[in-house]
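Student: The residues making up each chain are set out below.
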Amino acid sequence: MGDESRELVQGTLEMLVLKTLALEPMHGYGIALRIEQISAGVFRVNPGSLLPALNRMERAGRVKSEWRVSATNRRAKYYVLTKRGLKALEEERQQWDRRTAAIGKILEA
Amino acid sequence: MLFQSFLSGIKSLFRPSARNAEIEAEVQGFREAAVEHRIQQGMSRADAERAARAEIRSSEMIRHNVWTSSWESRVESLWKDVRYGFRQLLRSPGLSVVAVLSLALGIGANTAIFTVIDDLLLKQLPVQDPRMLVLFGDGSDNGIIASSSPGPYDIFPYDFYRHIGGDRKEFEGICAFASFPTMVSVRTGSGSAGPATQAKGHLVSGTFFSVLGAQPLMGRALNADDTATEGSNAVAVISYRYWLENLSADPNAVGRSITINGTSFMVVGVMPATFYGVDLNEQMPDMWLPITMQAQVMMQPSLLKPDGLFWIHMMARRRPDVSVAQAQAWTTVEFQRFLTLREGTQISALRRQQIGGTFIPILPGGAGMSYMRSEYQTPLKVLMAMVGVVLLIACANLANLLLAKSASREREFCARLALGSSRGRIARQILMEALALAMVGGALGLVLAFWGTQVLIHFIDKGAARTALSATPDMRVLLFTFGTCIVTAALFGIAPAMRSSRTNVAGALNANARNSGGTSAGSRGLLPKILIVTQVTLSLVLLSVAGLLLRTLQNLRSEDMGLSRSNVLLVNTNPKFAGYPPERLNALYERIISRVDELPGVRSASMSGGPPVSRGNWGSPIDIDGRPTPPNENISTLLNRVSAGYFETLGIQLLRGRTIVPADAADAVKSVVVNKTFADRYFPNGDAIGHSFTIADPAAPGVWHIVGIVRDSKHRSPAEKLEPFAFLAVTQLTGDDQYAYWLQVKSVGDPAKITEEVRSALVEIDPNLPVLKTLTIDEQLDDLIDLQVFVSKLAGFFALLALTLAGIGLYGVMTYNVVRRTNELGVRMALGAPRTGLLWMVLREALVLLGIGVALGIPMSLAASRAIKSGLFGVNPADPITLIAAVAIVSACMLFGSYMPARRATKINPMVALRYE
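Chains as they are written, first to last, in my numbering: chain A, -4 to 104; chain B, 22 to 938.
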């Protein structure tokens, strides 16, 4: 599979990260891995865009971060969803649903 | 959340290493997790690590991306630009010093004038919510006025205040105060002992402080009870400065007694340092006294009587729910009712109609009242416009300097563009450099302005010890300066920034294009030329305006005042302070005059009620015997009271009859000398002598007989219109109007040199007789035109500043052009061009620019001169001599600025020039 097709749909990175974090707090690689696994390998998030996005979201107060010891006994920066993040996820999800529904209608017409 | 983002942003700005380490650690963690996960999936460690590396690519890139995703990265890059800008400036220190200095002068001049404008025109009183304060009328009248005619009113009898004062639903409170300050003699020692000092007192109603909302620093302010009954509350509230300087900051000052004009007053409060009352004038009051103590404080008959004269100003605090229009309507109705009641039952239809035409304008009073404000308003605006133009010229200079500099940095810009920098970033870089220059210039300008403002204020308040004007910049001034810096930077930075960002990459990196400026030489030359023309035009305008103002000053100084301009000493005294009752005055005058007459170096001496030249005057309508006064004719005459020898001492020429002589004693027929205007107006047939008139002002009763006619003399301003003037014999007046406060001494030599002799002669006569002020007639005359001196000197200074800046600008641009064309000039010379030809070639360019600048400047100067027409005296706004002189000065300066570089062009050695790469 080529690189192109594994890229995320534009503008969805934040939503996917928020959704992933809604399950449990995770570190950066964990998030990337989880997105890849759940999408059955369709999407692959590279750290070059994931880490800046996390920084942005932290600044916006949607996630907060803390250093924890991981399962493999290493220190890692874990991200936790905040209330504000949960609300943002709901909003982005509704918006997404509206859009895909609309696109679906257009394609079926 | 926003706040949190701000906090963490600030933290990462100041600790970049910690921030980088954290990102680094996170990337590292990511890498390790990735490797471990792949090993778990069965990869070898080496393969896993390679895969992880491929995924992460450059950790540096990630760090950069994380960093630029936050707002503080923009701040940081801006800061980098600023630092780079400063480094650039340090790389060419000479240029930067010139730039910073011219900016400092430009911004400093603007800040200084603005500080004075802020002080005089913009500042609100330092009291509670000054915007709700309103004035009854504009306060332009002051003194004691007897008449009442239709029209707007700003001065009132005390009785009117009593009529509308008290609880009113239209205002939260109304207060009244004397329309003029009173100089009083104060003894601060116990009893009435101790030396007397002069102080400025202001009579105010008890509601004064509560209406203003001003709280005392110590003790209490005056309250309504203090002015409930006439003459019974001898209390005083003193200013902070007075407390500091005259009561030695006595912590027990409240409750202390001070003797004011012989009456003991108790100090009940001290106001804070910022409080200066309601009038912003040269000298702030030292104390505020109950208006009901007027007779004691002014040592004059009561002005509080029901039929009293017009002498108080009024101020009030508005209620938020009452509009200004409603307040004005109510006040006007009350005022008309008051005037009608005053007339009594017999009131003519004409009078009723006149009263119907009166009204009280309710004006914003938050800034207090100030005659200085109205006097200096227009001149300050003219000066502000002038310094604005000076700054524009400085901006044009800097734009040219930066343009020249950015042209020489073209290769740097190209390299940066080629390496992937954006054009926007380069433009921003140049703007930051401009801003750095402007900020340094502005900071230096603030220092210059502080010093300059002190000079200006010293001029305005004539060195008064206690003034409400301050050279210390307040928030508004600092904001103004900061804003000026930004606007200035934008003005001179935008053109170079746009030019640099348009650098052509391919062209400029080419080595041959290094000095020639490439193919765009023509277009590059246009902007500096426009800037030079603008500078020439603007400096011509400033010069001709300054020229006209200086001519005005010259004309005012040489104007024939009708009295001698030199060899007269004026001494201000007050027999009241020494306790003389009116009956003993004539003897005192005789002793003073004969004693001073005997002094060596003195030709003659005389006394008068008011000074011979002053802005204020005593005046009253008169009735000439045997001549019915037509209604509506202005028969108001200016008055002064003088002793024998007055006209001789002041050199006022006698035309007919006689002057006032010692024989005009108290019991003789009342004698008056009139000026020529008086005689010509009322006695066109030339038979004034022998006629008589009566004066409406009850202070000068009886029939006055005209005994002489003197030449017209001017007493308020050299530019004044001549008015009828009558000089009464001071010895024939009675009561309060018999006091003469001014002694004139005609000297043989320099009048200032006999000051001490005159002073000791007065002490000899009576040690209690105070000498309040001594000055020469020259100084007194200069006082009359101090505003014009102020304006024309500053205007001249600013015009010279503008001219210097423009000259430096032209010099810089021409020098730059010659350097840029070194190659070409060398070739020309090698090919045999004569040196004079080269000189002419370079000069021609400057001459064309000068020509265009002058051509544009002449009509603009004429327009500017017309705008200041009202401030001119004895000179036509379109005065050709001034204009020609201005053109000549500008041309000479510009030619000098361009001749030097042009000469340099002819000194070029062709061999050197051709190798000059």
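Hints are supplied without guarantee of correctness; some may be wrong.
Covered, in the sense of this in silico footprint (three residues per stretch, anywhere, with C-beta under 8 Å from a C-beta of chain B), are these stretches of chain A [unchecked claim]:
hint: 1; region: 28 to 37
hint: 2; region: 42 to 53
hint: 3; region: 69 to 76
Just so you know, these hints were derived from the structure itself, not from any lab. Even for Gly, the Cβ is constructed at its ideal location relative to N, Cα and C.
Student: Now tell me if each hint is right for this structure.
Tutor: How the hints compare with the structure:
1. 28 to 37: As far as the region 28 to 37 of chain A goes, the hint is violated, because 1 residues have Cβ atoms under 8 Å from chain B.
2. 42 to 53: holds (count 8)
3. 69 to 76: With 4 residues in contact (Cβ-Cβ under 8 Å with chain B), the coverage given for the region 69 to 76 of chain A holds.
In terms of the numbered hints stated before, the structure departs from hint 1 and from no other.
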